[in-house]
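Chemist: Chain by chain, the residues:
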Amino acid sequence: MSELRDPTIEEFYRYCSERKLMAVRCIRCRTVMVPPRAICSNCRHSRVEWVELSQKGKLVTYTVVHVSPPQFKHMTPYAVGIVEMPEGVKIPSIIRTSRPEDLKIGMQLEADFSPRPQEGGWPNWPRYFFKETD
Amino acid sequence: MRGKPLATIISAGLSKFGRREGVYARELFAEAALSAFHRVGKLDPSKDIKAAFIGQMSEAYEHQAHTAPIAASWAGLFPAPAMRIENACASSGSALRCGIMAIMSGLYDIVLVGGVEKMTNQPTPEVTGILATASDYPFEQWNGMTFPGLFALMATAHMHEYGTTEEQMAAIAVKNHKNGALNPNAHMQKEVTMDEVLKSRLVSWPLKLYDCSLITDGASVVILTKPKLAKKLSDNYVHIIGTGQAQDTFCLHERESLTTVKAAKTAAQEAYKMADVRPKDINVAELHDCFTIAEIIGYEDLGFCRPGQGGKYIESGAPDLKGSMPVNTSGGLKSKGHPVGATGTAQIHELYLQLTDQADRRQVKDAEIGLAHNLGGSGATAVVHILKGS
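Chains V and C are the protein sequences, given in the same order. Just so it is clear: in the first sequence, position 104 is 104 by the numbering used here, and no numbers are missing. Just so it is clear: in the second sequence, position 345 is 345 by the numbering used here, and no numbers are missing.
Note that these hints are calculated values from the structure, not bench results. From the three backbone atoms N, C-alpha and C, an ideal C-beta is built for every residue, glycine too. Hints are not guaranteed to be accurate.
[Said to hold, decoys possible] The list that follows gives simulated cross-link-like pairs (lysine to aspartate or glutamate, EDC-like), each with its CA atoms no further than 16 Å apart:
id	chain 1	residue 1	chain 2	residue 2
1	C	Lys199	C	Glu166
2	V	Lys104	C	Glu161
3	V	Lys73	C	Glu126
[What the hints assert, rightly or not] Output of the computed footprint for chain C on chain V, the stretches with three or more beta carbons under 8 Å from beta carbons of chain C:
id	region
4	33 to 43
5	61 to 67
6	70 to 84
7	107 to 114
Please construct the entire structure, taking both the sequences and the accompanying hints into account.
Modeler: Dropping the structure here:
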């Protein structure tokens, strides 16, 4: 990476606003991690670097949420799942689909992004999400 | 250390579990404490109990933090030091470990351990949101994950990997409600049929309403002492002979396997080794059935059956009240209810009754060794205790 950004959650979401799905990788054992962090979850080494992930991954499990907290009420029911990326890291995500009954473990999904919300306050993060591939 | 008592439970108490309108958490806690005090006439609680370790998950339900001194003082323990322990749904299981450590350190001779949660004054979507705070904010909650959602992700993976069925999950609910119907302290003292479970409304597919534990108000208390003091204080005491606690990754997605809770396996191994017992030596167990799939995975993690065989294990009838390994004789979180902070020591309360032959219609004949399995969050915390009757 040309640019040295701190391995923080805030930076992960800043990358999302640039339409990049990023993870950190331990420079010693090469473990790739989401959420990003400064200390490797595998070998405890304290130097990690940012790597850009592919925007396509494989669905490894999913559910359709019917009872949700108030902030998700407008989109309920909705699908969420865990997506495995070719770089060897898994990511939790909302899965935007009009046909949740067609979701299948092993299917390919692609990442997409929605802009940083306009309103202030914390957290002011854009969103990444996954959707069916075209 | 192997097989030796670490600390001894001389009494246990429970509040009535349920929708307790107009009753505050502190009042529930006092109710549980009084029921524990009534069992030990030789104890002068306010004088003899030197410290309290109290599990409670969230201050959001009652807009109240700093709850341990409140609960302790309402139970008549004043000015004894009181500590709140928060590890989500494993709060009072974790508090019990603190109590054991306090006794084993020699700092105190008698301590009280318990837990409480008052949940029903908030509507279900708010409770769903409050419970979700025990998952990761920026990656899980931010992505719409709920607790039923996280366990549903495990259920979907378990179904895919091992062929576990919705009927097998429903069988957990049927069994636990059958037991809960015999427990006068349970929230829902009602049997349910397989058909009712399968036709109940979706909460987070494949989990339906009757796959989920209840939103419940309740409190639980146990009184711990040094093993050598137990006989002087109580005729009915139970030794804690094993304790284990471990972490898994905080986020579910970071786990190598989504069909097992590694922390529960690690905690169980630690507790089994300390207690010098094997899974087959257990006579009665309380498992953390926050969702039916969690009990199925629990069977596997605790070594009651092989990995992937949890669904077949419930079908075998072994975990039934009259089976070879009765699980959740109290009704579990499913039927007794799941006042989050109270759950860990409520499990211990049931084992105390079982191992002192006081479980009435739920009594497992000649039960000598009991095990409690208490999970926090999606399994980032797991606590296992092994108890032995005297």
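Chemist: All the hints need checking, so say for each whether the structure fits it.
Modeler: Taking the hints in turn, this is what the structure says about them:
1. The straight-line distance between the Cα atoms of Lys199/C and Glu166/C is roughly 11 Å, inside the 16 Å bound, and the hint therefore holds.
2. Pair hint Lys104/V plus Glu161/C holds up; C-alpha atoms about 13 Å apart against a cutoff of 16 Å.
3. As the CA atoms of Lys73/V and Glu126/C are separated by approximately 11 Å, the hinted pair is consistent with the 16 Å bound.
4. With a cut-off of 8 Å between beta carbons, the region 33 to 43 of chain V has 4 residues touching chain C; three or more are needed, and the interface restraint holds.
5. Counting residues of the region 61 to 67 of chain V whose C-beta lies closer than 8 Å to any C-beta of chain C gives 7; at least three are required, and the coverage claim holds.
6. Residue count for the region 70 to 84 of chain V with a Cβ under 8 Å from a Cβ of chain C: 10. That meets the three needed, and the coverage hint holds.
7. Note: the region 107 to 114 of chain V has 0 residues with beta-carbon separation from chain C under 8 Å; the three-residue rule is not met and the coverage is violated.
Consistency note: the structure conflicts with earlier hint 7 alone.
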